[in-house]
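Asker: Using the sequences and the hints, build the whole thing.
2 protein chains.
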Amino acid sequence: MSSQRFSGVLVPVITPFNEDLSPDVEAYVTHCKWMLEQGVDGLAIFGTTSEANSLTVGERIQLLDTLVENDVPADKLMPGTGACSIIDASVLTAHAVNHGCGGVLMLPPFYYKAVDTEGLFASYSEVIHRVGDDRLRVYLYHIPPVAQVPIELDLIERLVVAYPDTVVGLKDSSGDWDNTKAILDRFPGFSTFAGSEGFLLDTLRNGGAGCITASGNANPAGIRKVYSAWKADSTTADALQSRISEIRTTLQSYPMIPALKAMTARFTDKPSWALTRPPLMPLSDEQVKGLFSDLDAISFDIETNGDCVSV
Amino acid sequence: MSSQRFSGVLVPVITPFNEDLSPDVEAYVTHCKWMLEQGVDGLAIFGTTSEANSLTVGERIQLLDTLVENDVPADKLMPGTGACSIIDASVLTAHAVNHGCGGVLMLPPFYYKAVDTEGLFASYSEVIHRVGDDRLRVYLYHIPPVAQVPIELDLIERLVVAYPDTVVGLKDSSGDWDNTKAILDRFPGFSTFAGSEGFLLDTLRNGGAGCITASGNANPAGIRKVYSAWKADSTTADALQSRISEIRTTLQSYPMIPALKAMTARFTDKPSWALTRPPLMPLSDEQVKGLFSDLDAISFDIETNGDCVSV
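So the protein sequences, as listed, match chains A and B.
The opening residue of the first sequence carries number 174 in my numbering; numbering runs sequentially from there.
The opening residue of the second sequence carries number 174 in my numbering; numbering runs sequentially from there.
A couple of the hints might just be wrong.
Since the list gives no way to pick out one identical chain from another, each pair is judged satisfied if it fits inside one copy or across any two copies.
Within a straight-line C-alpha distance of at most 30 angstroms, the following computed DSS-like cross-link-like pairs (lysine-lysine) qualify [said to hold, decoys possible]:
1) Lys443 - Lys286
2) Lys286 - Lys462
3) Lys354 - Lys286
4) Lys443 - Lys404
5) Lys354 - Lys462
6) Lys443 - Lys462
7) Lys249 - Lys354
8) Lys354 - Lys206
It is worth saying that the hints were derived from the structure and are not from the lab.
Answerer: Take a look at the structure:
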């Protein structure tokens, strides 16, 4: 893996399905390349937004192989490799390392609840030892609303002390700025990403690395502009942040994953993009109409995915 | 699969590990056979107590193959086959059907939270159609404290109406008698199992099928006696129920899975039985001492696992 840490705007890539619910590999590669062309700094494939836990281990391995075979640069990839089983997590993580991925985003094992720090530390530790590769860079994935197994600050501390060159960052999808701020304050130098672009500028100004955000699937260039403006110390940063937050707020009033897929179906003129794997369901026709109308009301151009850069 | 429904006392079998955390196949087969010799009516292998979600799909397939190869009767087996991915659930379920298992106990996909009835119905429906075998018998697995994805009564209703010969029962591990009672009242003829022997007699007296209970790993004969007494309309049933509830209460004051493994380690004189896969951790030495002392205080003989029947 690259010794370069990730920073900027990463996108947890939505996963397209064929009618039989198998992954649509061609549409997937096209979408990944399009996002990189839009300027995003990395692709956090196999995240929550990717319906990755609805995929099998074999499907995830095959999709990553396909991206690499199709010249998507591995160092731009941060695959999600967490799983309920430490064996599955180890297999997926080793596979990512062997491809030279820039890092992995690792959920804790999420079936058992109310497990203690000791058990979660042992889980991460087992995976790191089983992979046994200096190139491994782990970004912890804190998403308590979904995983229901939080990554508390004391666990981060233990992991960073034990594996300072391996456990290098975290995505905070708690939606709780106080938690993100607490991590930023306690672990300077750690690569902390906000889980939403709503906190992008705040995260950057407090020493964070950027954001990894679902809505980057639909508005990558717009979100990336905030990062560019901040880096250039431009006075436009706050206005750009307000704009992406406005778009986020609209998206969030719908189930996010099917909403992003509905937008991508329209943008690419490929209706099958709207398919989801159960238990997730596509938006109803009425919801799609409402979403498009709401986006129109805030002047978000669905046909060009917002501030789409022509490539 | 057998057309005979399960009833009585089933046990979600604990899974032994070797020092490298691979499943200890020999100890597993021995334990399964011992429980059947103790009179339990079935083995709900790959349940929560089995740390099944900490196993890979391949490990579960191999363990089931091994049991059948070692003459554990398939019609006594109710493997857990639910998974986050409907593809994994379909593969595991088809494998169980092909072995002639008496049924499967199926968790809902449990990564995404707050999914609606439509999405959960679609998940079960996809698995049933993908397996596409008349022999399939599905027992739904409702365990909201762990899965955090409940199986509401309206979902049961939809599934029973759509698949009356396939969706035949449920294990209620909510720990909420009012919920069990509501299911028993609304779905007479449905094979409803309590998730704890604490509700065994109440479940039977309200038309339920029995219980599927973790503590059956340590006190199978004692729990089975309640079922026998109820069937025989014996006046001893309530006293026997009080006794197993007393034992349950003691066990429940420790983390249940490592506690059962610690007891089995002692009973079998095989220390590795105490091993768990992270994120679960074995009891501390102090906890083990406390557990054994508490069991001693209620005259539960650890050396013979309670009311162990000599075989």
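Asker: All hints are to be evaluated individually against the structure, with a verdict given for each.
Answerer: Here is how each hint holds up against the structure:
Taking the shortest alpha-carbon separations for Lys443 and Lys286, only the inter-copy value of 28 angstroms comes in at or below 30 angstroms, while the best intra-copy value is 39 angstroms. Proximity of Lys286 and Lys462 under a CA criterion of 30 angstroms is satisfied inter-copy only: 25 angstroms between copies versus 38 angstroms inside one chain copy. Taking the closest pair of Cα atoms, Lys354 and Lys286 come within 30 angstroms of each other both inside a single copy (25 angstroms) and across two copies (26 angstroms). When the C-alpha separation of Lys443 and Lys404 is checked against a cutoff of 30 angstroms, the pair qualifies neither within a copy, at 36 angstroms, nor between copies, at 61 angstroms.
Neither within a single protomer nor between protomers do Lys354 and Lys462 lie at most 30 angstroms apart by alpha-carbon distance, with minima of 37 angstroms and 42 angstroms respectively. Taking CA atoms no more than 30 angstroms apart as the test, Lys443 paired with Lys462 passes inside one copy only; the shortest distance there is 17 angstroms, against 63 angstroms between copies. Taking the shortest Cα distances, Lys249 and Lys354 sit within 30 angstroms of each other inside one copy (26 angstroms), while across copies they are farther apart (54 angstroms). Neither within a single protomer nor between protomers do Lys354 and Lys206 lie at most 30 angstroms apart by alpha-carbon distance, with minima of 33 angstroms and 54 angstroms respectively.
Going through the hint list in order, the structure does not satisfy hints 4, 5, 8.
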